[in-house]
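Participant: Since chain V is already given, all that's left is putting chains S and W on it; use the hints.
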Amino acid sequence: MSRQAIGLIVVLLLFVGLLVVRAGIGKGMGRVYSERESVAMVQVEIPILDVVEGEAKGTVGTESVWVPAASDDAVDFASADSPRVEWETTTPIKPGTYFQDPSNAAFELDWPRTIGIWVAALFTLAIFSFLYKDNAIYKIAESVVVGVSAGYAMVIGFWDMLVPNLLGKLVPMFVQTHFIPGMTDTSVNWLYIIPAVFGILLLMRLAPKGQWLSLWALAFIVGTTAAIRMVGYIEGDFLSQINATVMPIYQVVEGANGSVDVYSTIWASIRQFILLIGVLACLTYFFFSVEHKGVVGGVARVGIWFLMITFGAAFGFTVMGRIALLAARFEFLFDDWLWLIDPTNQRTIPDAVAVLGM
Amino acid sequence: MSMVDRLANIDRRWIFLMMGLAVAVPIIYIGITGKTLPEQPTPLAQAAFDELDKLPPGSRILLAWDFDPASEGELGPMATSFVRQCCQRGHRMYFLTLWPVGTQMIQKTASLVIDGFYPDLEYGTDWVDLGFKAGNEAVIKTIATDFGQMFPNDSRGTPIESIPMMDGIVSISSFDAIVNVSAGYPGSKEWVLYAATPYKKPLLVGCTGVQAPQMYPYVPLQVQGLLGAIKGAAEYESVVNAWVRRDTVETLLEEAGVDGADAGTLTKDFFDDPEKLKSWLAEPAAGGLTEAKRASLVQAVQGVEPGIFLEAQRRMGPQLVAHLLMIALILAGNAVYFVTRRRGGAR
Amino acid sequence: MLKRNVPLLITGLIGVFLIVANFFPSLSAMSEDFTVFFGIIAAMAFVLGGGSLLKVHLKKISDRNAGWAYSLIVLGTFAITLAVGLLKIGVPPNPGFPDKPWSGSVNADGTAFEWIYEYALKPLSATMFAMLAFYIASAAFRAFRAKNIEAILLLGTAFIILLGRTFAGYYLTGWIPIDGPFSGLRIEELSVYIMQVFNTAGSRAIIIGIALGIASTSLKILMGLDRSYLGGGN
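Chains V, S and W supply the protein sequences, listed in that same order.
Going by this note's numbering, the first residue of the first sequence is number 1343, and it counts up by one from there.
Going by this note's numbering, the first residue of the second sequence is number 351, and it counts up by one from there.
Going by this note's numbering, the first residue of the third sequence is number 570, and it counts up by one from there.
This is chain V alone, in the form it adopts within the complex (with noise of 0.2 Å):
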């Protein structure tokens, strides 16, 4: 075994003998606590009242409709051979909420949720893996990622785009009766035949002949999307940048009593200049018709700092994006994995009476 694979081993090993330790301490780490909840619903023949004047004179037939069945219509209207349906749900609490009352028989441990936290504490040291150097697992956790994100993106985009919009304009009485039983306009729109067959033009590509038919769909695609961000794009971006900065140069700023501020109106007016001239030289850099020299080279070089400054400024801000990121990655190993941290009180049991010795 070369010196390396030791050093790994022995720090792995700690890395296990700290968890078990941690794990030991106080009141563990890495579970989740439920609520266990059974729903019951029952179906009854409400009966409609027949309603003149604000008063209820008899009633008009009788309507059938779902409803819990602790409820007062389920207790009135109910009886034995009503159809039934019934399932359980669980629902997180926080665990500060089970330590106070363990007893409780509603709580329990949520095994699928606490096995998930480890689970997704796991991945997440999986892909930090990678930063001592690539390995088996890094590319497990990878390969994880890509299957579960395209199955991730298919199924949303089925549920909630194509039954709605395609197959409940196509086939609307099959998903009214199935998936949306909601649904009130049943009538079948034979123009939706249309984006079907682009979309199965679409799926060509996959097949081993006639993928040329899948540039139709393709057609569909690249012209909607260059017609919408042609007319987006002049309109939202050229003329209204444009319009943005064509303001006048001398900006008046005004106090809080309505009298001339000079101080600000000086600063903002200044402010104003500077856009303006930087607007302009960035554009004259970027218009390449013109050799850069002379009066046009030394506008160019002007534009040249200007956008060095917005590329900083990018910088900038995009490494205070990737912090971020990485902070809230580990907020969730030290708080919901390790229970080292509690920011948003999961687990210290609720004291209510503590707050008002001020």
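Source of the hints: derived by calculation from the structure; they are not laboratory data.
It is possible that part of the hints are untrue.
Where chain V lies over chain W, by a calculated footprint (3+ residues, C-beta under 8 Å) [to be verified]:
1. 591 to 598
2. 621 to 634
3. 637 to 650
4. 687 to 699
5. 762 to 771
6. 790 to 799
Every residue, glycine too, gets a C-beta built ideally from N, C-alpha and C.
Facilitator: Only chains S and W this time, still in chain V's reference frame:
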């Protein structure tokens, strides 16, 4: 080997370790002490708050949650604060997303803020989750003129005709403001181009650090409030929190029977001098409040916030240390570079 | 003919129609149909993406390429996610319609699909992006050299932003009175000016340039002058 050479050839894993510690240590420190750094809101964060604040209660706000877990560290706190302000102000909230994973982001903010702190708000009357639609800018382009065409039902399968708050929603023009939390394409830029600019709608944007510099030129004509990266989130969060606390105190005072104008003055007094609250609590007027309400009054004046509403401000701690490390690394890298170059030149 | 001209015709007709529809409100209903169709085709593109993934990795496995076992994991997790999501495993029915087992929301709290998101997709994708913090630190040490005035401007701006957007800014220049004539020199104020003046100027020029580029490319595509999307050059 000299010090400089050793530094020039340093294994990058040492730099990784430094970065890891720069982020991890402050998190643990802040996590244990609960102390956060003070925030001074910049005009853009204040503008975002003011825009939602000046709309009367019951205004219709379209909330487009176009982000995913990969950028949740930056954007999650903004989403939380936007929804908190809308809830407290009594706006009606319409959630949708152009990102498949955005559905989870909507669920998360809804369960954290609405279920957790505003349980009285009713689904379908006060807020609705319209879910995900594919098509990027084409979705915005469609709802710009016809909402129901793209969204025949909400994410729970209820047709929009049966959702009370969807009554009167015809197109983008039916909304009073758009709030977009965005991690890229499709996102803020698309909402600017296809909704806010052509239909002259107030647009508030919360975006990642990567996008923020490109969004600044749209302020103030096309974008009215801009929160860039975690700092923008922290500033806005502190503004919203301070307002929510004042609003809570005022509401509680009114509940205790203090009338409108007096409640405003008293609230101001309490925040200027918390001792005044102590004496007020002893007065008979305070008797109308239950123990729990008195406790929340005290908490609001003392500035106690549920941890979930301090997420961005907590994250500014690791941010500070890591930024200093970045500057130190750039300076050290340059020092090493210039020393080696001078040496190379002398040779 | 069918391979080249039909796509050009489709692109041109749809594009021109959508642009013209901007000027005629009576056409807006039809243009909405087209944009919804676009959304549906975009959703089909997710299916295409899944199909391509399947194709690529099946080939890797059948060829026993290096690392084919990883392809097995890709396909396995893909299949599980798809099955769990499409079959709505563990999804309780919509409370309004308890007799319709398929009526519930696929990513409701506590479902198997939500589990996959919460404990696999979320930590993995979030950590992948979090890794960039480490690499940007390493790059800061190795790559950013103040060699000339341009580089100095870039780094100087970055420093001001990095300091001004944290508490360090207040700490370093907090002694400058906020309502005095030099308040603009406080680092946090400087970072605001940089963003609102210099960055706005630079970004605005970039935005105007890109807008012109997009408009002209779109026009070329709609007129059939740019056919690169059809592949295989002209």
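Participant: Now tell me, hint by hint, if it's right for this structure.
Facilitator: To see whether the hints hold, each was checked on the structure:
no., hint, verdict
1, 591 to 598, "violated (count 1)"
2, 621 to 634, "holds (count 3)"
3, 637 to 650, "holds (count 11)"
4, 687 to 699, "holds (count 13)"
5, 762 to 771, "holds (count 10)"
6, 790 to 799, "holds (count 4)"
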